[in-house]
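Participant: Residues per chain are reported as follows:
There are 4 protein chains.
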Amino acid sequence: MEKNRLEAFSDGVIAIIITIMVLELKVPHGSDFAALQPLLPVFLSYVLSFVYVGIYWNNHHHMLQTVKHVTGGILWANLHLLFWLSLFPFVTGWMGENHFAAMPLALYGFVLLMAAIAYLVLQNAIIASQGENSLLAKAVGRDCKSKLSSLLYLTAIVAAFFSPILSGLIYASVALMWLIPDSRIERVIGN
Amino acid sequence: MEKNRLEAFSDGVIAIIITIMVLELKVPHGSDFAALQPLLPVFLSYVLSFVYVGIYWNNHHHMLQTVKHVTGGILWANLHLLFWLSLFPFVTGWMGENHFAAMPLALYGFVLLMAAIAYLVLQNAIIASQGENSLLAKAVGRDCKSKLSSLLYLTAIVAAFFSPILSGLIYASVALMWLIPDSRIERVIGN
Amino acid sequence: MEKNRLEAFSDGVIAIIITIMVLELKVPHGSDFAALQPLLPVFLSYVLSFVYVGIYWNNHHHMLQTVKHVTGGILWANLHLLFWLSLFPFVTGWMGENHFAAMPLALYGFVLLMAAIAYLVLQNAIIASQGENSLLAKAVGRDCKSKLSSLLYLTAIVAAFFSPILSGLIYASVALMWLIPDSRIERVIGN
Amino acid sequence: MEKNRLEAFSDGVIAIIITIMVLELKVPHGSDFAALQPLLPVFLSYVLSFVYVGIYWNNHHHMLQTVKHVTGGILWANLHLLFWLSLFPFVTGWMGENHFAAMPLALYGFVLLMAAIAYLVLQNAIIASQGENSLLAKAVGRDCKSKLSSLLYLTAIVAAFFSPILSGLIYASVALMWLIPDSRIERVIGN
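Protein chains in written order, with the working numbering: chain A, 1 to 191; chain X, 1 to 191; chain W, 1 to 191; chain R, 1 to 191.
Here are the in silico distance ranges between beta carbons for each label pair:
| hint | chain 1 | residue 1 | chain 2 | residue 2 | range |
| --- | --- | --- | --- | --- | --- |
| 1 | A | Ser163 | X | Thr71 | 32 to 40 Å |
| 2 | W | Leu44 | R | Lys145 | 28 to 36 Å |
| 3 | R | Gln37 | A | Gly73 | 28 to 36 Å |
| 4 | R | Leu40 | A | Ala34 | 32 to 40 Å |
| 5 | W | Lys147 | R | Gln37 | 58 to 66 Å |
| 6 | R | Gly30 | A | Ser163 | 19 to 27 Å |
| 7 | W | Ala172 | X | Leu169 | 38 to 46 Å |
| 8 | A | Arg142 | X | His69 | 23 to 31 Å |
| 9 | W | Leu44 | A | Met177 | 48 to 56 Å |
| 10 | R | Gln37 | W | Leu44 | 31 to 39 Å |
| 11 | W | Ile165 | R | Leu40 | 42 to 50 Å |
| 12 | X | Phe43 | R | Ser150 | 44 to 52 Å |
Simulated from the structure, these hints should not be mistaken for lab results.
Beta carbons are placed, not taken as given, at the ideal position from N, Cα and C, and that holds for glycine.
Bound conformation, chain A alone (with noise of 0.2 Å):
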């Protein structure tokens, strides 16, 4: 009962964040096509951030089925999270309204950085609080693919000052990476 109610708030929190985000695409005054043409890099940061928004949801999902004591450990590891989910629609319409400049390219990569470790500090609370037969210790394994994500959220952040296109392209790659929606969990809990 009482998790039924950390995803309700959650999924609530997660919800809005991924609908505010649309409130920066901003209607233009115009009626003809070029007036959309400004709103191109805001509707493409907007997508971005949607699939990473839809990831987070989906795997927070999965992560919370093997869950069932929430402590109060887990409940602050999960605001914490949300508190860096909630700042996605501020960084994506900083980096669409400034077509990818440098620094907004960087702070949006701190913000995926900065959520990534939330998650993984969440992870942590879990398994925790799961004792040494942790469902979702043994689901999660090493976890390369979060690894392999903060180093590539490293590496987008650096190539922001230099090349701008090779850091969005880094950032839509680990969005692709993850779009496959996490077997692991599911693999441990059909055994």
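Place chains X, W and R on chain A using the hints.
Facilitator: Showing chains X, W and R alone in chain A's frame:
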């Protein structure tokens, strides 16, 4: 249980979409009746989109009743549908503020069309997951209503450039056609 | 189960409506007390609408407790109610920003009236679905409170053009009258 | 069942409050690091309020675990608490945009104080509904932490006019003091 969370998240996103559309109805400065008049087209497009989002929620609700197990494919097909729905506030605002000009009308139809396609993709993902005796497949049948809607959206997109009024009327007609809740699923579940 | 989702969606929409109304309370530029003063009417109309939306949530909550099976008619009557409630942020903002001028006061009353009618339509749809021994029909009885409210809204709409203060007082009185939760339904369920 | 809907609605409102606060963090026009600097106080006040709203959600969650039957009094005490929480985005934005000036700091404290009082009113309504052997009454005990918080808010409101830094530090300290989840209720339920 998994399904509940998918429904809760979708409900959250759809509830936010249907509500933030009203933010395009910006409070005017004057306090007389004349101050409200320029808002009329914005209000009309709000009503139209409210009905459309209501229809999607309604049918989504019925469709998910047939789902037992949520697969990764269903999760992403659902997010894909939510993505196109999330663009409703933008296209609604653009169409309203430009008094149903050609381009905004056409873009509105394009987003309607993409949402309809996303709905079909989700429907197919659910049918595929249910195997041979899919309850949803039986309920949907040949799905003439969806095919007709897509055809009408295409017609309205083209019509936008010749007769905006015709285009708007087509959008309104499709909405009316769907206002009747999808009794096909209720019928099959009832058996 | 079907009912749960109807409640969840309505809760989501009402929660968003009650919260985005506060966005009309725009952060002023100055940092002294004088900067807050022009916000007073906006704040007062926010308080009034917060109470009204709270009353609707409260009564909606009680009314749905009597529902067993959700029909298509109930779904659409519910969306119709949510539509009128979704206009609360707009009319609240307009009334507040124009310091309770005649037209905004009257429009506020009009939306209150339409929401009250939509609530009655939903109530009748539920009663119709419950057949002869409707629990809700018994609970509601002759429904004098609703009839009186509608009459008072009408009076306040007319009064707006003669005495804005009287009009505002009527709205506040109706809200106070409803603040007492609808014990009729609890009483009947308790039996 | 009744309780579930109270929780769901509260979760919805709190989720929206915690998320729309980020909208005060307006996307700046420049794309360099200097463009971010004026946002620092807005960001700091966002972090502070995020933690406060998180604390309220956390404690609300624990407190409602002890509730079995929702009375009309509890419903309205809960809405009253949500009302004061709904003012957080406004006072947070005002405090941030004015770089922690005296009046905005004091108003922030006033809203914190009113929310704390509203929380106590809700707590008392729940205790009253539980009768003599109230689980919550046992868990709360003499409730020194709440009394101390209210005293500190009052101190900070006065301090705002003499030493804004001291005032801000007090707000941060109270938040830290509450970051430790309320183990009192868990302890009593566990017995």
